[in-house]
Amino acid sequence: MAISTETSPAPPAPRKRVKQSTGRAGDKVFLGLSRGSGILLLVLMASIAAFLTYRSVLAISKDDTNFLTTFNWDPAAAKPTFGIAVLLFGTVVSSVIAMAIAVPVAVGIALFISHYAPRRLAAPLAYVVDLLAAVPSIIYGIWGALFLVPYLEGTNLWLDQYLGWTYIFDKTEVGVARSIFTVGVLLAIMILPIITSVSREVFLQVPRINEEAALALGATRWEVIRLSVLPFGRSGVISASMLGLGRALGETMAVATVLSPSFLISGHVLDAGGGTFAQNIAAKFDEANPLGRDALIASGLVLFILTLLVNGAARMIIARRKEYSGANA
Amino acid sequence: MAKRIDVSGLTAYYSAHKAIEDISMTVEPRSVTAFIGPSGCGKSTLLRTLNRMHEVTPGGRVEGKVLLDDENLYSSSVDPVTVRRTVGMVFQRPNPFPTMSIFDNVAAGLRLNGRYKKSELNDVVEKSLKGANLWNEVKDRLNKPGSGLSGGQQQRLCIARAIAVEPQVLLMDEPCSALDPISTLAIEDLIGELKERFTIVIVTHNMQQAARVSDRTAFFNLSAVGQPGRLIELDETSRIFSNPSVQATEDYISGRFG
Numbered sequence: 001m002a003i004s005t006e007t008s009p010a011p012p013a014p015r016k017r018v019k020q021s022t023g024r025a026g027d028k029v030f031l032g033l034s035r036g037s038g039i040l041l042l043v044l045m046a047s048i049a050a051f052l053t054y055r056s057v058l059a060i061s062k063d064d065t066n067f068l069t070t071f072n073w074d075p076a077a078a079k080p081t082f083g084i085a086v087l088l089f090g091t092v093v094s095s096v097i098a099m100a101i102a103v104p105v106a107v108g109i110a111l112f113i114s115h116y117a118p119r120r121l122a123a124p125l126a127y128v129v130d131l132l133a134a135v136p137s138i139i140y141g142i143w144g145a146l147f148l149v150p151y152l153e154g155t156n157l158w159l160d161q162y163l164g165w166t167y168i169f170d171k172t173e174v175g176v177a178r179s180i181f182t183v184g185v186l187l188a189i190m191i192l193p194i195i196t197s198v199s200r201e202v203f204l205q206v207p208r209i210n211e212e213a214a215l216a217l218g219a220t221r222w223e224v225i226r227l228s229v230l231p232f233g234r235s236g237v238i239s240a241s242m243l244g245l246g247r248a249l250g251e252t253m254a255v256a257t258v259l260s261p262s263f264l265i266s267g268h269v270l271d272a273g274g275g276t277f278a279q280n281i282a283a284k285f286d287e288a289n290p291l292g293r294d295a296l297i298a299s300g301l302v303l304f305i306l307t308l309l310v311n312g313a314a315r316m317i318i319a320r321r322k323e324y325s326g327a328n329a
Numbered sequence: 001m002a003k004r005i006d007v008s009g010l011t012a013y014y015s016a017h018k019a020i021e022d023i024s025m026t027v028e029p030r031s032v033t034a035f036i037g038p039s040g041c042g043k044s045t046l047l048r049t050l051n052r053m054h055e056v057t058p059g060g061r062v063e064g065k066v067l068l069d070d071e072n073l074y075s076s077s078v079d080p081v082t083v084r085r086t087v088g089m090v091f092q093r094p095n096p097f098p099t100m101s102i103f104d105n106v107a108a109g110l111r112l113n114g115r116y117k118k119s120e121l122n123d124v125v126e127k128s129l130k131g132a133n134l135w136n137e138v139k140d141r142l143n144k145p146g147s148g149l150s151g152g153q154q155q156r157l158c159i160a161r162a163i164a165v166e167p168q169v170l171l172m173d174e175p176c177s178a179l180d181p182i183s184t185l186a187i188e189d190l191i192g193e194l195k196e197r198f199t200i201v202i203v204t205h206n207m208q209q210a211a212r213v214s215d216r217t218a219f220f221n222l223s224a225v226g227q228p229g230r231l232i233e234l235d236e237t238s239r240i241f242s243n244p245s246v247q248a249t250e251d252y253i254s255g256r257f258g
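Residue numbers (the UniProt record's numbering), protein chains in the order written: chain E, 1 to 329; chain P, 1 to 258.
Among the clues, some could well be false.
[What the hints assert, rightly or not] From the structure, some residues in chain E lie toward chain P, with a derived Cβ separation under 8 Å: (1) A46; (2) A49; (3) E212; (4) L215; (5) A216; (6) L217; (7) A219; (8) P231.
[Claimed, not checked] Just a sample of chain P residues kept apart from chain E, beta carbon distances all over 12 Å, derived: (9) A16; (10) S75; (11) Q92; (12) P96; (13) E120; (14) L185; (15) H205; (16) Q208; (17) D215; (18) Q227.
[Unchecked claim] What follows is a set of in silico ranges between Cβ atoms, one per label pair, in the way DEER data are often shown: (19) P/Y116 to E/W222: 14 to 22 Å; (20) P/N113 to E/Y162: 37 to 45 Å; (21) E/V96 to P/E55: 23 to 31 Å; (22) E/L41 to P/N113: 34 to 42 Å.
Treat the hints as calculated values from the structure; they're not laboratory data. Ideal Cβ placement from N, Cα and C applies to all residues, glycine included.
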C-alpha cells in the first residue's frame, strides 16, 4: 500500500496547480480501478471456495462411506455411498500421461521454432501450433473417439507386447480401448499448443549476450541450447507446463466423449474404464438429485484443491532455484 | 600458446550494409593490440570476424582472409566451432552463465571439449581463477552462482572462463566499459599479465586505456555515417599517441573529433 501515500494531496503549489491536479486525478482513478480488480478477484476466489466447501460439507455429512477411499458413486441410494478415489486416480494418471507426452514434444517444437527453423518456416509453424489451441474441445473429443481410439490400437498392442511386463502397460482385454491412456494421448495433443507457445516466447527472450557466451566458448548449436537457452527458459517451461496441466486436469468434453467410464481403479492404463473429476460431473450432473449435485460439487472441490497443490508445488520448484535464475544476471 | 593473426583484404557485411572494407593488418603474438576509433568504425565487427562470431549475427558475412599462423579461419574446411575454441572472447557486458555456479562457469568450456576427471577440473578452475586474479575473492564460494558477484568480479570470471580452455588468442570487446574505475584497473593489470601467455586484441573507446595497456594500436575511421570503416594506421602505441603518421589519427586522439 506504499502507493497510497504517494497519491495523498501534496502541499498546494499554485502555479502548477492545473497540471498537477489532472495527473493526480488520473492516478486516483487508476489506483481505484487496479485495487478494485484485485479485490474483486480475491472476493470471487473466496466465494467460490466458500460455495464449494459449504455444499461439499452438506454432501459428505450424508455420505455413508469414506468420501476419499470409496470406489463407488451412488448418492441416490437409500444409504448414499460415493467416493472420489477412482476420479482422483483417473484424473492424475491421465494428466501425468498427457504431461509425459506433451512437455518434451512441446519443448522440442518450441526450440525448433525459436532456434533451428529458418525464419520463413518458423512464423507459419508457430501460427499453426497456436491454431491448435483454437479447436473446441468437443471437436477433439469427436476426433478422438472416431479416429484416435481405433488408430491407437496398434500402439496399444505394441506397448502391451514390449512393455507389458511393467504391469502398467499390460493390456488385459481385447478390443478398442476407450482407456485412460487414450485420454492421456488426447489431452497431450490438446495441451501441446499452450506449452509450445509459452515456451517459445521464453526461449526467444534469452538474452543474446548469454547465447554468445556459449558460442564464444566453442559451443555447437545444441550446446548453446543446453548451456544458455534451457537454463534461462526453465522456469518459463515449468509455468507453461502448469498452464497445460491445468487444462488437462479440468478437461471435460473431450474426456467424456472418448472414455468409457467405470468406477474401478485399474493400474492397467490400456484397459477401458476409469473416470476423471470433470468427466464424472459432466456425465452425472443433469440426472442427479440434490444430494447427487452436492456430491459432484464435493468432487469439484477436490479437483480445486488438487490444482492449488500442483500450482504451489510448481512455484516452489521455481523459487528454490531463484538465485540461479536468469533474472538476476 | 600464442599465435600471430594475419588479416588480409577483409570486408564484412551486415546483409547489404558493408561494415568494414578491405582491412589488412598483422597482430603480433604475446602482445596487446588495441583497436580504437569513433563509434560505427567497425572495430567491434573486425574483432568478431577474428573468431567467426560475426557470422552469428543474422545477415553477417565476410570476404577475405584471416590467418591464424598459417591457417585460414575462413577456408571451407574449417569449422567455426573449432575456431572459437582456439580464439577466446570477453564481451562488453559481463555474461557469466546465470544458472551456473562460479566453478561450473569456469569449467564450462572444458566440459564442452570432453570429459575431465574432477581433480583435473579442480586444478584448471583454480589455475584459471588465479590467472584472472579472482581466486582469493571466490575460493570459499565456488559453488555459489556467478551472477551474484560484482560487475568487475563477473568480468574477471568471464576472463577466467575464456582462459580455462587455453586459447591461442584472447579477444576483448570493450571489457571495461560497464565497470567502475577500480574494477577497470584490476582488469587492465590482468591484461598486462595475460599477454605473457596469449595474443590479446582489445577494442576500447577509452584512449587512455589503449595507451596504458597496449603495445600496438590500430586506428579505424569511417568517411561518413553509413560508409564502411577502414584501418587508418597501425603502429607502436607510443608512436600513435605521440607522433602518428596520419593527420586523422592525430585529430582523433587529441580529441578534435569522435
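Look at the Cβ atoms of P/N113 and E/Y162 and judge whether their distance stays inside 37 to 45 Å. holds (38 Å)
Taking the closest Cβ pair, is E/L217 under 8 Å from chain P? This interface hint holds because 4 Å falls under the 8 Å limit.
Taking the closest pair, is the beta carbon of P/S75 still more than 12 Å from chain E? holds (18 Å)
Classify the hint on E/A49 as holds or violated, based on whether any CB of chain P lies nearer than 8 Å to its CB. violated (37 Å)
Range hint compliance [Cβ, E/V96 to P/E55, 23 to 31 Å]: violated (44 Å)
If you check the beta carbons of P/Y116 and E/W222, does the distance land in 14 to 22 Å? Given range 14 to 22 Å: holds, Cβ gap about 20 Å.
May I ask you to check that P/Q92 keeps its beta-carbon over 12 Å from the closest beta-carbon of chain E? Answer for P/Q92: violated, closest chain E Cβ roughly 8 Å.
Nearest-CB test (12 Å) between chain E and P/E120: Its Cβ never comes within 12 Å of chain E, the nearest being 18 Å, so this holds.
Is P/Q227 truly not at the interface, in the sense that its beta carbon sits beyond 12 Å from all beta carbons of chain E? The assertion about P/Q227 holds, with a minimum of 26 Å to chain E.
P/H205: least C-beta distance to chain E exceeds 12 Å? holds (18 Å)
Would the hint on E/A216 stand, with a C-beta cut-off of 8 Å toward chain P? For E/A216, the interface hint holds, since the closest Cβ of chain P sits about 4 Å away, which is under 8 Å.
With 12 Å as the threshold, tell me whether P/A16 passes as away from chain E on beta-carbon distances. The assertion about P/A16 holds, with a minimum of 17 Å to chain E.
The structure is inconsistent with the numbered hints 1, 2, 11, 12, 21, 22, although it conforms to all the rest.
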